[in-house]
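J.: Chains as they are written, first to last, in my numbering: chain A, 8 to 508; chain R, 8 to 508.
Simulated from the structure, these hints should not be mistaken for lab results. None of these values were measured; they are calculated from a predicted model. Take these hints with a grain of salt, some might be off.
A few chain A residues that face chain R, going by a derived Cβ cut-off under 8 Å, partial list only [unchecked claim]:
| hint | residue |
| --- | --- |
| 1 | ARG233 |
| 2 | GLY258 |
| 3 | GLY261 |
Where a beta carbon is used, it is the ideal one built from N, C-alpha and C, also for glycine.
Protein chains: 2
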Amino acid sequence: DAGEKGKDVPKSLHAVHAKRQEQAERSVLINCHSRINDKNFIKHLSRHGEIQKHFFYESYGIYAVVEFASQDSVASLLNEAAIPSISHDSMVPFKSRLLSLRSLSSEGLPNQQSGRQCKPQTTAPINELIQRLSREETIDQQITSLTESYQLTEENTRLRFLVCSLLKDIAAAYFPECTIKPFGSSVNGFGKLGCDLDMFLDLDGISGSGVKMPKSGLWLEYQMKRASSERAVTQSILSVIGECVEQFGPGCVGVQRILNARCPLVRFAHQPSGFQCDLTTNNRVAMKSTELLYLYGELDPRVRSLVFTVRCWARAHGVTSSIPGAWITNFSLTIMVLFFLQTRSPPLIPTLDHLRNLASPADKSVIEGNDCTFVSNFSKIQLHSNIETLEQLLYRFFEFYASFPFSRMSINIRKGKEQNKPEVAPLHIQNPFETSLNVSKNVNAAQLDRFVALCQESAWLLQQSGISTPTAHKEGDTPAPWGLATLLLPLDVAKIKSRKK
Amino acid sequence: DAGEKGKDVPKSLHAVHAKRQEQAERSVLINCHSRINDKNFIKHLSRHGEIQKHFFYESYGIYAVVEFASQDSVASLLNEAAIPSISHDSMVPFKSRLLSLRSLSSEGLPNQQSGRQCKPQTTAPINELIQRLSREETIDQQITSLTESYQLTEENTRLRFLVCSLLKDIAAAYFPECTIKPFGSSVNGFGKLGCDLDMFLDLDGISGSGVKMPKSGLWLEYQMKRASSERAVTQSILSVIGECVEQFGPGCVGVQRILNARCPLVRFAHQPSGFQCDLTTNNRVAMKSTELLYLYGELDPRVRSLVFTVRCWARAHGVTSSIPGAWITNFSLTIMVLFFLQTRSPPLIPTLDHLRNLASPADKSVIEGNDCTFVSNFSKIQLHSNIETLEQLLYRFFEFYASFPFSRMSINIRKGKEQNKPEVAPLHIQNPFETSLNVSKNVNAAQLDRFVALCQESAWLLQQSGISTPTAHKEGDTPAPWGLATLLLPLDVAKIKSRKK
Ligand SMILES: Nc1nc2c(ncn2[C@@H]2O[C@H](COP(=O)(O)OP(=O)(O)OP(=O)(O)O)[C@@H](O)[C@H]2O)c(=O)[nH]1
Ligand SMILES: Nc1nc2c(ncn2[C@@H]2O[C@H](COP(=O)(O)OP(=O)(O)OP(=O)(O)O)[C@@H](O)[C@H]2O)c(=O)[nH]1
Ligand SMILES: [Mg+2]
Ligand SMILES: [Mg+2]
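Can you build the whole structure from these sequences, using the hints too?
T.: Pasting the structure below:
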């Protein structure tokens with residue numbers, strides 16, 4: 008499978024989705040209670056047909072993702088699966104593609120793990136990362152290394168699509184033509200191992216919704232429950248799916264139905280994958296944002312690396328947080344990086360207005376009155392030959408935001424140029440598609456100040472000769488942090504502020 | 008269709024269920040907004056295949072039940088049905104076999120109803136019944152007439168199975184092998200037009216629950232959500248289905264999830280049918296009671312007639328009520344009639360113990376430790392030749408309970424003989440299958456006293472020559488109430504009690 012990622016992954020996000028979804032439909036998730044040996048496992052499953060790919064990982068127990076060559080094999084496997092009978096517990100007889108492998112204890116299965124390797128599904132702790140980075144020889148290498156150790160793996164991406172597919176089975180019970188698509192950092196190219204799984208229930212495929220002009224004077228319509236608004240429909244649907252996930256979904260715990268949010272959602276933890284999941288519906292603009300971010304990430308490898316580095320740096324210093332609040336979000340931060348890259352000279356990436364101008368008629372997209380049009384054919388996009396290194400870009404990113412006129416100006420990736428601020432929020436980042444909205448209206452002045460101070464300190468640090476080159480260290484010794492590693496160590500913001508004055 | 012009921016309905020309740028369920032699966036329910044003419048309607052629908060049967064009725068609008076000869080026709084019809092598009096409301100895109108017929112207004116459909124007849128789905132008001140009965144010439148004819156106007160019609164029975172089938176589609180989304188069966192008075196032979204629809208979600212058909220001995224040392228099991236008890240599983244399942252009925256079920260209103268009751272249930276009103284529905288699961292004993300009552304009703308036509316008459320009489324005097332409380336229930340009342348019939352000499356119907364003794368090994372049934380065995384082959388049951396008339400039986404019923412030693416004795420259809428009371432409840436009726444339970448433990452002394460007083464008064468009235476024969480009246484005139492009709496008029500219980508003393 009090595010190299011598969013670079014070779015096969017198609018360019019457009021739609022194509023990625025289609026391929027991944029189809030893969031996921033042919034896959035099952037198996038909890039391997041007993042540490043059974045690989046050969047037996049594969050031999051046992053192969054009775055149902057050819058296995059295209061499989062891997063093991065650990066998450067509250069050992070699991071295997073098994074992708075068959077054909078969906079018929081999955082049907083055959085499910086057809087032979089038993090309802091748990093050995094246990095005396097009561098259980099909800101809801102069947103899914105999440106299974107458990109059992110073995111007769113009398114068989115005495117070998118405990119050896121004949122070369123099985125569990126694929127990691129989370130990132131290493133920050134201390135380990137710092138050590139790893141300190142062993143690199145240039146800051147560019149450090150940034151690349153960080154990207155490589157943080158980005159989603161092939162396996163993790165498969166697992167994400169598989170969880171969507173399992174959830175789709177639940178929703179499809181009522182909406183046979185629906186799909187569930189991952190969006191946000193799971194697929195926009197900027198996801199870190201362990202990031203949450205944002206899912207979008209797409210009901211647009213439901214047939215019969217086109218206006219069918221009847222041939223005769225009579226026609227039949229489905230009688231459907233009316234709701235007071237689209238929002239109420241969304242709430243109804245998520246309420247039912249939330250209830251079902253809570254009561255029936257094996258391995259789904261901590262289900263919360265957050266139906267009164269601006270964007271109603273169902274949140275839960277999917278234990279077998281370890282993912283924190285957010286399910287929304289009727290959320291097409293977010294899907295478009297995801298496509299746009301994906302496009303920017305595909306245009307130049309430096310985009311992704313810089314975003315990963317800035318996200319990791321921000322998390323290390325508590326600029327971002329996993330708890331909602333007045334913090335800058337990863338999404339805002341990503342837009343800030345993109346904006347910075349648009350202001351380079353020459354610009355590393357084009358403006359959104361430019362991408363819209365390149366769009367073909369088929370790319371036209373208006374969602375709830377918002378123009379979300381931009382080019383889908385990547386090959387139409389001509390890039391300027393910006394040759395800055397990652398190290399330079401990182402330094403200039405800090406420098407850029409260390410002195411950005413936040414009090415007057417707004418960040419706008421549509422124009423690629425700061426605009427006058429239309430409102431008084433400390434940080435104003437125009438929502439790329441719902442242009443009247445501020446993506447970072449949650450951010451308060453204190454948080455923005457911290458961000459600016461940290462940018463100043465980081466830019467300053469990168470200029471210090473003491474930290475800008477690797478220190479010599481003996482093989483096997485823990486190397487002293489340098490370069491990017493230093494930027495991830497705790498910084499004393501109070502000290503920074505006093506130095507600033 | 009005339010005579011179909013008498014001719015085709017098979018003897019055992021299982022066979023009735025199987026046939027009715029299969030019919031229901033081939034049927035759709037259509038809301039006919041415009042008063043379209045029958046021929047056009049049938050012609051339009053026949054494009055999807057042969058129509059076996061159809062009828063119209065009124066319930067918050069005009070509806071049609073249409074049964075196709077083949078299920079493929081239903082699929083074809085649904086495939087062509089549109090999602091409502093003319094309305095500006097938002098709606099939940101959940102598709103079911105409940106449809107609306109629309110017509111192009113420009114077509115100007117004829118408003119005439121070319122002989123269409125709406126089949127009544129409720130009983131006539133009590134005053135009309137009293138008039139109708141007063142026109143009969145004997146009390147026996149009155150009792151038969153009451154039975155005929157109150158019992159469920161062929162169409163109403165079809166509609167009940169169709170509503171079960173529509174609800175099954177909702178449950179089958181998660182439990183593909185489930186069925187939903189009506190029980191209680193909808194199918195036990197004692198249902199009155201307009202009675203509630205008791206439904207039982209049967210999950211026993213779920214495959215893979217048998218212990219499958221694996222051929223190899225390994226096997227796969229579905230991973231399923233565990234619950235602390237069978238009751239908790241029932242609650243989970245009903246919670247999800249209740250949520251779904253509430254949010255998605257077209258025409259389902261007033262959904263209540265009564266999950267902490269002894270027998271958890273989901274209650275709702277199904278507007279298109281006008282039925283008040285109770286959905287339970289895991290309620291096999293109630294299913295057995297239903298079978299038993301059905302059997303008794305099939306043994307001799309006098310059983311049903313007497314039960315209908317007593318139920319109607321009880322309702323007219325507020326002995327029973329649609330509101331839960333300290334009243335006698337219809338179920339208790341039915342058992343009381345059966346018990347009375349067992350004590351005749353010769354007995355009109357056999358005891359439950361006798362029916363158990365006639366059972367073949369295949370009839371054996373033990374549910375949660377309760378012996379629910381009784382014979383399924385009706386032809387094995389030998390009846391005594393009791394030749395009492397309905398009039399005699401009704402009189403003797405009142406006489407029997409007017410002097411029954413309620414304070415000491417318990418009613419027991421298992422033995423067909425009163426037993427010593429095991430507890431102090433005013434009215435003790437042994438539950439036929441859960442023999443340690445009292446079916447009427449809710450009844451208080453005041454209610455029992457009223458019942459006894461009304462029995463006394465009714466017995467006394469039937470002996471009065473003034474009311475025991477019809478009065479002469481002119482054709483077209485409203486006849487004076489007599490016989491059974493008199494028994495349904497308000498009786499002054501205070502007066503009765505004073506007469507008694
Ligand atoms: N318009 C708008 N979209 C947002 C906002 N926040 C999140 N989104 C969209 O929702 C997606 C998922 O949100 P998050 O899970 O918070 O962010 P993420 O990009 O997935 O990043 P993580 O922090 O790794 O989960 C984002 O990628 C955006 O497309 C917002 O404030 N405004
Ligand atoms: N064991 C037991 N079963 C009951 C009791 N009440 C009802 N049932 C069962 O549940 C069924 C439905 O209950 P109901 O809807 O109250 O009664 P019903 O026989 O349908 O009569 P209606 O009043 O016409 O609805 C009954 O036919 C019985 O089989 C009870 O107190 N004990
Ligand atoms: Mg996310
Ligand atoms: Mg009932």
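J.: Against the earlier hints, flag every one the structure doesn't satisfy and list their numbers going up.
T.: 3
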